[in-house]
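Asker: Sequence:
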Amino acid sequence: MKNLLILFTITAVLSSCVSSQVYEDLKDKNKSLRAENESLMARLDGTSNSNTDAYSVANLQKEVANLTTEKTRLAMELAAAKVNMATLQASYDALEANSSEALTENLERNRKLLKQLEAKEKALAEEEARLRTLEKKLKDRSQRVEELEGIIAAKDAKMRALKDAISAALTNFEGNGLTVEQRDGKVYVSMENKLLFDSGSWAVNSRGRQAVEQLGAVLAKNTEIAVLIEGHTDNVPYGGNGNITNNWDLSTKRATAIVEILTENSSIPKDNLTAAGRGEFAPVAPNTSAAGKAKNRRIEIILTPKLDEINKLLNEM
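With the first letter of the sequence shown counted as 1, position 309 gets the number 293 in my numbering; the numbers rise by one all the way through.
Note that these hints are calculated values from the structure, not bench results.
Do not rely on the hints blindly, as some may be mistaken.
[Unchecked claim] Derived DSSO-like pairs: lysine-lysine, alpha-carbon spacing no greater than 30 Å straight-line:
| no. | residue 1 | residue 2 |
| --- | --- | --- |
| 1 | Lys139 | Lys55 |
| 2 | Lys121 | Lys106 |
| 3 | Lys290 | Lys147 |
| 4 | Lys170 | Lys142 |
| 5 | Lys139 | Lys121 |
| 6 | Lys147 | Lys178 |
| 7 | Lys55 | Lys13 |
| 8 | Lys11 | Lys142 |
| 9 | Lys290 | Lys121 |
| 10 | Lys205 | Lys290 |
| 11 | Lys96 | Lys11 |
| 12 | Lys66 | Lys15 |
| 13 | Lys106 | Lys120 |
| 14 | Lys123 | Lys142 |
| 15 | Lys277 | Lys170 |
| 16 | Lys11 | Lys46 |
| 17 | Lys123 | Lys147 |
| 18 | Lys123 | Lys178 |
Please work from the sequences and hints to get the whole structure.
Answerer: Written out as structure tokens, the structure is:
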């Protein structure tokens, strides 16, 4: 009976280590064995009291042997269940480890991809900002170019009108050593010295004064025009008397004489006027003939529109 109780105890202990299904099966088996044990105990007690014969004892011993065999079988099943449980646990642990490792790798890869995406988005935003800035600059520059073209076109038109006005004012002198041309956005008024000065002199004669005064009347109505008066000579060295040293000096005094006549017109801003002597160093014809030398002996008046607006726009571009 002691062995039988030990068997039940071992069975109960072992049943706690197996899976729930195996445990339930063993539990049912234990209840059955308990009931059978109680029945046997009752029968044993009855046999002892009534002096049952040896046949009944033999039957009990046989049943005990059967129970021992059943215990052994259950122990083997429990051991097998433990092995299966261990195998399943190992498989689960391996799967969990692999899943955790894969999850960690995926998370790390996703973090790297996210950083790359954020970097690309940042670079794209910066590029878009630069593009917007360039587009704005391009738009501003295009607008300034249009303004510049408009100003230049307006100045060209004004210079054409000025050239026509000067030609009309000096029409009586054209063909007498006076020409009026427009080129490179400027107006050039050229007067040969025979129209203005006596030979070797820098004093303007009466006919020359009349031409300069009529030119001045046009300039007085165009106060935004810069006026450069250049004196030119041929290559024959100066041989006159007085305080003139050379052709350069003579050309400068002749240019200054024209400026003095123009300044008599108070409507012409004096800061618009510049006198310069070029001597024989800017000829327009060869000095190998009398006609060529006559062309080179001249006063050239160069009229230039003031470019303040244009320079301002160019500096802003």
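Asker: Of the numbered hints stated previously, which ones are contradicted by the structure, given in increasing order?
Answerer: Checked against the structure, the hints that fail are numbers 1, 8, 11, 17 and 18, while the rest are satisfied.
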